[in-house]
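The lines below spell out each chain.
Number of protein chains: 2
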Amino acid sequence: MLIVGERINTSRERIRPVVEKRDKEFIRNEARIQIEAGANMIDVNCGTRVQEEPEDLEWLVKTVQEVIDMPLCLDSPSPRALERALGAHKGRALVNSITLEKERMEHILPLIKKYDAKVVALTMDDRGMPNDSKTRVEIAGKLVEVLEGEGIKKEDIYFDPLVRPVGTDPQQSLMVLEAIKIIMEKFPGVHTFCGLSNISFGLPLRSLINQNFLTMALAMGLDGVIIDPLDKRMMSSLKASFALLNKDEFCLEYINAFREGKLV
Amino acid sequence: MLIVGERINTSRERIRPVVEKRDKEFIRNEARIQIEAGANMIDVNCGTRVQEEPEDLEWLVKTVQEVIDMPLCLDSPSPRALERALGAHKGRALVNSITLEKERMEHILPLIKKYDAKVVALTMDDRGMPNDSKTRVEIAGKLVEVLEGEGIKKEDIYFDPLVRPVGTDPQQSLMVLEAIKIIMEKFPGVHTFCGLSNISFGLPLRSLINQNFLTMALAMGLDGVIIDPLDKRMMSSLKASFALLNKDEFCLEYINAFREGKLV
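Line by line, the protein sequences give chains A and B. When we follow this note's numbering, the leftmost residue of the first sequence carries the number 572, and every step to the right adds one. When we follow this note's numbering, the leftmost residue of the second sequence carries the number 572, and every step to the right adds one.
So here's chain A without its partners, still in its complex pose (with noise of 0.2 angstroms):
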């Protein structure tokens, strides 16, 4: 399972001035305490300094591998920040994201190649953002082909389904839910990953959704998830749920983190 640490991203206000200021005693601290916190990977995101991304992203790959000695998760559309990015890291980086669009797999395919980093695809193409499971199945198909094609493996490979707001369009989890079952039976071998938050936008207590649908997710199958491994809630219900899908033998993780005092 890969549990991916979500805090250092300059969209949120405290980690922006930090990178600004090339703070690296407070990145490395963000990326120690989600390490601490049960994270797997650490995700880097300064998406929303475009200008200075790429020297931006190159400096948060440094500087979170000087502490911890792990493949980092590179959070970027651009190809030109994600190529510094690749440079500078050490070990096989999980770049995040590719997807169908013609642009993207010109530019980011070729640097995924180049530096043999794993890759989060997205299940959209040029049409956007699909509605249904079964156009985001489709176009999970197509990636498998492509990205095999160019000598990706499928272990590689982790498919996130593009979660939207369940308050818009009722729909839309149940179409995720099902669309990774079905990518996890249908495609033996990848992953599928996501992010929760969206799911909950413009609901009251936001985590109480975002946790329950995590559960759902798991229960699917999803084995991958960028989350802030802070919040004790996702956390235990992150080793709530793998006790309760044999991924915690005779729950011994799950009584462990109780005696930590971990889970809420």
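Check before you lean on any hint, since a few could be wrong.
For identical chains, the list gives no copy identity; a pair is met inside one copy or between any two copies.
[Stated by the list, open to error] Derived lysine to any residue pairs resembling SDA-like cross-links, with alpha carbons at most 20 angstroms apart:
#	residue 1	residue 2
1	LYS705	LEU816
2	LYS818	GLY738
3	LYS705	MET791
4	LYS818	LEU774
5	LYS818	LEU776
Bear in mind the hints are in silico, worked out from the structure with no lab data behind them. Only a predicted model underlies this, so the values are computations on that prediction, with no experimental measurement involved.
Once you have looked at the hints, place chain B on chain A.
Same frame as chain A, but now just chain B:
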């Protein structure tokens, strides 16, 4: 969705002496607060008082129905107790439960027919409680055949796939989740129903496990549950799950529950 309130049960220390003393006011209040909290059916269970069960169950039925004008869930394996309770009951009761065991079939099925009751059918037979999902579905299939043969409609059958502790048997929750999904797909019209607390037996912070299991089971199609509706965590998850599963269009119930301070 059937939400049965489980609080009127003599296995609870607070309830046993109340039933012994025939404290009508206490029982009526327990019924009322469960309906107010969101239950749409009240369970009555006095199985711990084996000798007095028939008389007690009849008294509970009368006492509750004096204030709650709804059918009840009559929770007993005893034909003698069920007969007394059904005789006193107004409307179509839900008898909890029948099984494919010869003895129960012989003595409880005639009561269900005589009183035109709905029925909870446990997926077990004379071989005992099944381990895997396949056996659970097989038994459900035989039960559909037998019950339909006796004139009981599919929509009056609630299958309980019998949850066992995940702490001692790590496969159990997967097996039950799969059984729920297959039963709902294979026998359209029937319902599935389950209690939650067994799943977490022996584990710490049981409400966390129970809540996540409920959320997963709802995603598989579960449409009946027996819970303590005063457990705010459980009811919050139920409402979040309905929003996610398109059973609460545009999340209006969820938003109202939030405004009323019912969500945690």
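Are the CA atoms of LYS818 and LEU776 at most 20 angstroms apart within a copy, between copies, both, or neither? between (28 angstroms within a copy, 18 angstroms between copies)
When no copy is specified for LYS818 and GLY738, does a C-alpha distance of 20 angstroms or less occur within a copy, between copies, both, or neither? between (31 angstroms within a copy, 12 angstroms between copies)
Give the relationship of LYS705 and MET791 under a CA distance limit of 20 angstroms: within one copy only, between copies only, both, or neither. both (16 angstroms within a copy, 19 angstroms between copies)
How would you classify LYS705 and LEU816 at a CA-CA limit of 20 angstroms: within, between, both, or neither? Between copies only: 18 angstroms across, 26 angstroms inside.
Cα distance capped at 20 angstroms. Does LYS818 pair with LEU774 within a copy, between copies, both, or neither? between (31 angstroms within a copy, 16 angstroms between copies)
When each numbered hint is compared with the structure, no violation occurs for any of them.
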